Amino acid sequence: MFSLLLLLLSLPPALALECSKDHQDGYQVRLSIKTALGDQAYDWNESELFLFKATIAFAMRKYTKNETYDVSNIVVCNETPRVSFWFIVVNPENPTLAITKTRVEEAVRVSRNRINNAFLLTDKTLEFLGIPPTLATPVTPATPPWLIVFGVVIGAVCAGIVALLISSFVRGKRANKAKEFAEEDDQAKGADKGISGETFEDRNGVYNQAFSDDDRFTQL
Amino acid sequence: MGEQCVAEHNGDKPEGASSPEERPKWDNKTQYLLTCIGFAVGVGNVWRFPYLCQIYGGGAFLIPYLIALVFEGLPLLYLELAIGQRLRLGSIGVWNSISPYLGGVGVSSMVVSFLVCVFYNTLLAWVLWYFFQSFQNPLPWSQCPVNENLTGYIEECVKSTPVNYFWYRETLNISPDIEINGSLHWWIIVCLGTAWLVVYICFIRGIETIGKAVYVTATFPYLVLTIFLIRALTLPGATDGLLYLFTPKWELLQNPQMWLDASTQIFFSLSVAFGGLIAFSSYNPLHNDCQQDAVVVGCVNSATSLYASIPIFAILGFKATSNYNSCLDSNILALTNAFEIGDQNITHTNYEDWLTYLNKTDPDTVFKLDLTECDLQDFLDQSASGTGLAFIVFTEAVISMPGSQVWAVLFFIMLFSLGLSSMFGNLEGVLTPLLDLHMVPKWMPREVFTALICIVCFLMGLIFAMGSGNYWLEIFNTYVGSVPFLIIALFELFGIIFFYGTERFCKEIEFMTGKRPNLFWKVCWMCISPLLLLVVFLAYIIVQVQTTPTYPAWNPDYEHFPKTEIQPYPGWVFAICILLATVPVLPIPFVALYRLAQNITTTKQPANDTALKASVNKAYVPDVDMDLQRKL
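Chains as they are written, first to last, in my numbering: chain A, 1 to 220; chain B, 1001 to 1632.
Hints are computed from structural coordinates only; laboratory data are not their basis.
One thing to keep in mind: the hints can contain errors.
[Stated by the list, open to error] List time: in silico PhoX-like cross-link candidates among lysine-lysine, alpha-carbon distance up to 25 angstroms: (1) A:K65 <-> A:K21; (2) B:K1507 <-> A:K124; (3) B:K1212 <-> A:K179; (4) A:K173 <-> B:K1507; (5) B:K1507 <-> A:K179; (6) A:K177 <-> B:K1025; (7) B:K1368 <-> A:K177; (8) B:K1522 <-> A:K173; (9) B:K1212 <-> A:K124; (10) B:K1442 <-> B:K1159; (11) A:K173 <-> B:K1442; (12) B:K1507 <-> B:K1522; (13) B:K1368 <-> A:K21.
[What the hints assert, rightly or not] Part of the chain B face toward chain A, derived, beta carbon under 10 angstroms: (14) F1132; (15) S1134; (16) W1187; (17) V1190; (18) L1197; (19) V1198; (20) I1204; (21) N1331; (22) L1333; (23) F1498; (24) A1539; (25) E1559; (26) P1562.
Model, not experiment: these values are computed from the prediction.
Virtual Cβ for every residue (Gly too), placed ideally from N, Cα, C.
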């Protein structure tokens, strides 16, 4: 009689789900705490494992929105000094039933950021083997930043070109006016047959306008 | 005395001008020297010389390099600066003056300079693109972009590296084959346009603006190189890189390829035969010491190459060490995960011990992990030159340096100034001959003509903005930028030795500088340099003929991707290569034959030949009366 009772009492634990490596609904988790935190790394102990179970339970609650998952519904096994282990999530109403792999995956993906932050880790240092990390949407600013730099450079260059062209044009006009003035001057002085003794310095160099090459004035 | 030696061609002077246009002048000698140094010091000093040093065993390479500088580089440099200064014209005018048969040499110089302008500015466009992209955090080449459904990274990027992906895909958008042209890429066109605008603004007023621009573009690279030197020497692994670079491998001195590469490097590095140096020195005052200038420019160019290779190699050593550490880290991670060892129990120092221990206890698992062999020497051996060095290797190194954006920006500004100051010489070699020959219509001001040339070069450079642009640039670089220059330089030397006469040339130099070139220069001009150039030219041709022309294609569908696929050039492409190498030098025989034909027809009417004689004094008519008076 007693033995039968003992047998009955030991049955429920035996009927509870066997967590094992490579279980069809289980996931392997790997933590690299020292890589992530260096000197500020914390030790992995029972309390940390409790926190992990709590975060997974939270993830399941958040995902399913009504089912009350508890820490006891997260079964962990195969812990190694690497800090890696397997876990299975069981149904809170029926502890013999495991939650399917895909549901667990989706729950974890939704709350991945929260789980990472609870442990001060990242997607790379807290790995769920088989669950790909949700990559952040690339931030695309309205104007690509390189166009802004390009705009600045090309604006400056174009402004410089325009400024230089205008100043060249103005310089050329001034030189032309001076030349016209000098030619008139020259023609006026040329009637005196040449030896005016003055030299007119052209802006473009020293050219003695008073000295004319013309043979008319040097005929012997 | 010296004035009579040179045939003053009346055709080269403006006729009937009431105010003769004075040739532009340098504001001071510093501008002139900086311009010549800037022209000689280009991107090749930064990305070609260190590569050659590395593959030819560091210290040992300096021996053939310095020998080539002294016996080949300096004499050619002196020659070009002297004839430009004496004859005061661009390359076409100068060679026409020396001998009408040699006019083709000047035309060749101009054509080659023009072709180099077209492709060289594309390099600057790429540098500008990277410069614009460096103002982002994180740098766009530091990580792979995410694919469309946000599940992972783009496959092409994952298979190669983010740096490679950014260069080949996001910058070039390269096609897998040279025959596939792809489309024109607007972002490259935009950068190319910007590069040409910057070149134009420096050229607007000729050497007036170039002379000012060169104060910045020629000196800034030295500042950046010094900053990089200080930064690089503090990086871990820098000493490994430097030791690797400078450890001489004396046995390589027996390799003739090394001597050939040293000679070609000196020759192309000094930018002789472009016509740009002749143009620059033609703006000099007549009595300027061009011997000193030549020695200064040549030595500064080589010293810059050496100085640049120190930070480059320190940074490459740093990169090799980083890669080695990452390799070790990935191996350590694999072992840690497979054997469930505690995190960070295996470190770089005890990695070897752990590996041997694990191999002994469980060799099968270790074998299944397929660990890569991490060897620092292998990483140091990965050499790169040219665009590969700047846009792949260096950008990868910059990511690992703290404050990456600053270093990237500095590096690309440096490359841009180096390239810009070389572009000055290239474009000057095109503009000055055209302006001297008065091929510009009178109504067109100089600014408009310069703009026209820039626009034509820009439009031709659009070839390189296509998908296959990089392949075409390599073709231009290899075929235009090599053989034609050797031929032109050879004809320059022959022109001075046979047509002008070395003695006469030395007299001219004595007139200009006050001292006669000593025996060393004469011996070099008359035998050593032509001989060296001839040997280099023949060896170059022989080597090119022996190697089948192939190119490395970036093909994501290639089975061994990310390795580049070695493809042979198709027939029509190879025909273009040959055309590019031969057409620029065709003016030399054509002009010579044309002048010969002209001479033959004009010898039948000797009275009309006034070109080489002194002008006849038509005003003097012998008076019969005066003769009688004398007799009395």
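Run the structure past the numbered hints and jot down the numbers of the failing ones, going up.
1, 2, 3, 4, 5, 7, 8, 9, 10, 21, 23, 24, 25 and 26
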